[in-house]
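Build the full structure now, drawing on both the sequences and the hints.
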Amino acid sequence: MTSDYIAATLAILAGVGMALLLTMVAQHVGPHRPTKAKQIPYEAGSDVIGSPRARFSVKFYQVAIMFLVFDIEAAFLYPWAVNYRKLSCLGPLQDGVCTAGVSFFGLGGVMVFMAVLVVALAYVWRKRAIGWE
Amino acid sequence: MSFDLSQLSAIVPLIIVTGMGCLILLAETFARNRARTGLASLALGGCVFAFVAVAAQWDAAATKTTVLQGMWVMDRMALFLDATFVATAAITVLISGPFMREHGFEFGEFYGIVLFATGGMMMVSHADHLLMLLIGIETTSLAAYVLTGCWRRNARSSEGAMKYFLMGAFATGFLVYGMALIYGTTGGEMTYAGIAAKAAVSSNSSLFVAGVYFVLIALIFKVAAVPFHMWAPDTYEGAPTPATGFMAAGVKAAAFGAILRLFGTVFGGPGLPGEPIGWVRILATVAILTMTFGNLAALRQENIKRMLAYSSIAHAGYLLVGVVAVGVGIAGAQSAVLFYLVTYTFTTLGVFGVIAWVGKRGDERLFVDDWAGLGTARPALALAMTIFLLSLGGVPPTGGFFGKFYLFRAAMQSPELYPLVIAGVLNSVVSVYYYLRVVVAMYFRDATRPLDSYPSASMRAALVLTAIAVVVLGLFPGAVVDWAGGAGAAVAKVAGL
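Taken in order, these protein sequences are the chains called A and B.
According to our numbering, the residues represented by the first sequence are 1 to 133, in order.
According to our numbering, the residues represented by the second sequence are 1 to 497, in order.
Because the hints were derived from the structure by calculation, they are not lab data.
Heads up, some of the hints might be wrong.
Stated by the list, open to error - Subject to a maximum C-alpha distance of 35 Å in a straight line, what follows is the list of computed DSBU-like cross-link-like pairs (lysine-lysine): (1) A/Lys59 <-> B/Lys360; (2) A/Lys86 <-> B/Lys198; (3) A/Lys86 <-> B/Lys64.
Dropping the structure here:
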């Protein structure tokens, strides 16, 4: 069973080795004629303004976190919507039709999930974390 | 997909604490300054209701049942731990309000986050499925990171939170990787019962054993045992003192609940005779290292919070002795660990409560020298602190004595565990030295600076409650031992005894 992986390992090693080899060849064989103009960050000639280590406002992180939360909410809703019929049926589906009666689970489960997120939304709204100012 | 609504009654305590947490978060956004006292009352109310709900489930949980598609186990051990968590949360709420007001960071979300953490701990103690365990541990940990860092103007608080978060995230990586290995090697088992059924066969697989060790690493990280203790001193020192008490008591108890259930019934204990995985020997070494290192390091600390952080590492070592005893299949070791957890919880909350109360805004009195003369300045407070410290040291007639007594008595039943017991007793003797150092400073030295503490009724209530609990546990341990015994027996029954 382990032998199945040997071929894959060899392929990976060959890939990594080839990349390293080509980089080294380029480094050592290629001609190097550095001039001052070539060494500046923008070879097009633009002057650099300020330090590369800029500090970002914490607002960006706020937006990023909130985006993640509601992005993941949407990502969860797709599989839920696809399976909604199955989740809402007390028994197995017969050719896509529910014959066993209706279960509250399909709707209730996602409602609890959304309610928790609504609490979070209301919280950040009231804390004025949504506006940029 | 069948789903029985009546099964939701099993998670009523969880619904109460998390629902109240959400309510507090929303109410906080409307609260103005003084109104935040109301948030503490809301949190306390939630704790009381949750406690009642837990107590109402006690009779029905005499035999173990599993609900919610194998996710949630109902037994007395889980309920026993639930009651401890809720009490921890309530006392933390009582202590934290006045502390935050005095030190000028009214953080109303604190109460809500304490309740979320409590909900997470309930998930851990009730988990019967690896995913439920993961979610519970993460809920608890994320809340603990926030509680550590919530004192934003205090650089130590941020430092502690950052260290705790980075290392905690790393430990979670171990947990998930371990779970993946267990899932793979048992052929897709995630429920504890399913894994337990295949553990004997799977323990021949080195990958399964590696998975078990990864899970063990993550859990002993959470209880701050050597060699995964490095975060604890910085985090415990930096966190606001009530949050330190909450983490040292509650989060640790929850992690021990998970260890007891996983290693007492799934990877060891009576259901898996002979313990083929080999974690018992490793955990025994870890226990000795943990208590010895914790106590030796605590001897040299001048900062009282840091000293108690090392002391809490040492206590994790004593508790691991109990876990080892459970692992070799000693009956009654489980209830000894549970009893120890209760006494340790109340003692720790009390001791950090006293630390939170001494000092005033801009002048936290955190060094042993700062406590000189407390015996004459605030005799009642000094008495409470003495009771808590003696209990931590295991001196009768406090709860800590019986905690250690039951724990070591259980371990004594197996001659292989004698070295552990000897190490434990020697360490307890060492620990008395640094606990008494504080007592000596309080009673036998004169104050160099005036000792202030701010007036607070809820702080007094919390300390009186914890002090009484510690003394009652020492004088009449019987009732709690019976409850813990019922909790321990329920697990033994599950394991097929």
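Status of the hints after comparison with the structure:
no.: 1; hint: A/Lys59 <-> B/Lys360; verdict: holds (34 Å)
no.: 2; hint: A/Lys86 <-> B/Lys198; verdict: holds (31 Å)
no.: 3; hint: A/Lys86 <-> B/Lys64; verdict: holds (30 Å)
Violated hints are absent here; each numbered hint is respected by the structure.
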